[in-house]
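Engineer: Chains as they are written, first to last, in numbering that gives the first Met the number 0: chain P, 0 to 196; chain D, 0 to 196.
No wet-lab data here; the hints were simulated from the structure. Note that beta-carbon positions come from the ideal geometry of N, C-alpha and C, so glycine has one too. Treat the hints with care, since some could be wrong.
Unchecked claim - Taking beta-carbon pairs under 8 Å as the criterion, some of the chain D residues facing chain P (in silico): (1) A2; (2) I5; (3) L28; (4) T48; (5) D62; (6) V86; (7) W90.
Okay, here's what each chain looks like letter by letter:
Protein chains: 2
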Amino acid sequence: MAAAEIERLIRLLARLPGLGPRSARRAALTLLQRREQLLEPLAQALAETAEKVTVCSRCGNLDSSDPCGVCLDPKRDPSLLCVVEEVADLWALERSGAFIGRYHVLGGTLSALDGRGPEQLRIAGLVERASDPAVTEVILALGATVDGQTTAHYLAERLAPAGVTTTRLAHGVPVGGELDYLDDGTLTTAMKARRPA
Amino acid sequence: MAAAEIERLIRLLARLPGLGPRSARRAALTLLQRREQLLEPLAQALAETAEKVTVCSRCGNLDSSDPCGVCLDPKRDPSLLCVVEEVADLWALERSGAFIGRYHVLGGTLSALDGRGPEQLRIAGLVERASDPAVTEVILALGATVDGQTTAHYLAERLAPAGVTTTRLAHGVPVGGELDYLDDGTLTTAMKARRPA
Chain P
0 MAAAEIERLI RLLARLPGLG PRSARRAALT LLQRREQLLE PLAQALAETA EKVTVCSRCG
60 NLDSSDPCGV CLDPKRDPSL LCVVEEVADL WALERSGAFI GRYHVLGGTL SALDGRGPEQ
120 LRIAGLVERA SDPAVTEVIL ALGATVDGQT TAHYLAERLA PAGVTTTRLA HGVPVGGELD
180 YLDDGTLTTA MKARRPA
Chain D
0 MAAAEIERLI RLLARLPGLG PRSARRAALT LLQRREQLLE PLAQALAETA EKVTVCSRCG
60 NLDSSDPCGV CLDPKRDPSL LCVVEEVADL WALERSGAFI GRYHVLGGTL SALDGRGPEQ
120 LRIAGLVERA SDPAVTEVIL ALGATVDGQT TAHYLAERLA PAGVTTTRLA HGVPVGGELD
180 YLDDGTLTTA MKARRPA
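Isolated chain P, as found in the complex (with noise of 0.2 Å):
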């Protein structure tokens, strides 16, 4: 039908969340209809991000530095630890400003279903960074899912011998939501009414 090259644009603009094949043509037209403005410099930051953007060996982040800017930022609290599930979460809960610590992303949650264990997620590197002394409180900001709850029981367990304070977020979380879907107020709240886990 058209071009091989936006046949080929479009079946991979339909692979994005949030977009259909309908609307995959549509966003290939869009992109094709304003060169310069549009698809020039999306496919010149895709490139850079390709290049540049690396996942945080600390945290797990994404950033263009590693460690990332959070783990680099002098003015974090060392003592706070929040371990989120996916690096969306993290930035919901950076918009949010709710939070002035440091962060790990696990990478998932532990899920039977889909056969994700414990070695499947960023957590030797959690329990190692929970050990250092400077740690005092990790809270554990998964979402209220079952597959959430129940990695967050496993590592409340597993970072009882480190000696710190594990923490969840408060009610308040909307039951099986997830972080990066709630308003910045309900997140706020929730981290202010966070609990012993």
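Since chain P is already given, all that's left is putting chain D on it; use the hints.
Structural biologist: Same frame as chain P, but now just chain D:
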């Protein structure tokens, strides 16, 4: 918050139709988490599209060759010319498989509100192509909107001296609807039942 490269990528993605700021963030994260399968191929596809795809100087279609594949296809009926507003409409008709002639993409409709007159559209080229003795019928496949129908009226008058039959898509196109959003069945019916303008 996130790295400057990621922020820039999110801002650009959010300008695509169908993606808002939140879904653009999700899309950026998906891209970063699927570098080899998605981010790098998409960067490459965009760069290739920017480099290779051009506007067909004959019909206004987008393709990697000029004239485009449809204009060059020897199996197309040279007596039929189908006028559409945008390339998306051309794609929609091609998907329906209801048309075997060639196209002419206007690049929009006449619009008093948006200040778009005949000189902003690909109308001179259309009159020239319609004057070719090989062309016997020009199908005005414009949207059933006020602007689309005004443009069809105008084109029927402009094409009268060329001695071609001008037709329009049959009733069946929902009033206020745009071609790109119709299902193939409706498009096929409308194409088959076309009537003199």
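Engineer: Now look at each hint and say whether the structure bears it out.
Structural biologist: Hints versus structure:
A least Cβ separation of about 4 Å between A2 of chain D and chain P falls short of the 8 Å threshold, and the interface hint therefore holds. Satisfaction of the interface hint for I5 of chain D is found here, the shortest Cβ-Cβ separation to chain P being roughly 6 Å, below the 8 Å cut-off. About 5 Å separates the beta-carbon of L28 of chain D from the nearest beta-carbon of chain P, less than 8 Å, and the hint is met. With a least beta-carbon distance of about 5 Å to chain P, the hint placing T48 of chain D at the interface is held under the 8 Å criterion.
Interface hint at D62 of chain D: satisfied, since its Cβ lies 5 Å from the closest Cβ of chain P, which is below the 8 Å cut-off. With a cut of 8 Å, the hint placing V86 of chain D at the interface with chain P holds, because the nearest CB-to-CB distance is about 6 Å. This hint holds: W90 of chain D has a C-beta 6 Å from the nearest C-beta of chain P, less than the 8 Å allowed.
Checked against the numbered hints given earlier, this structure breaks none of them.
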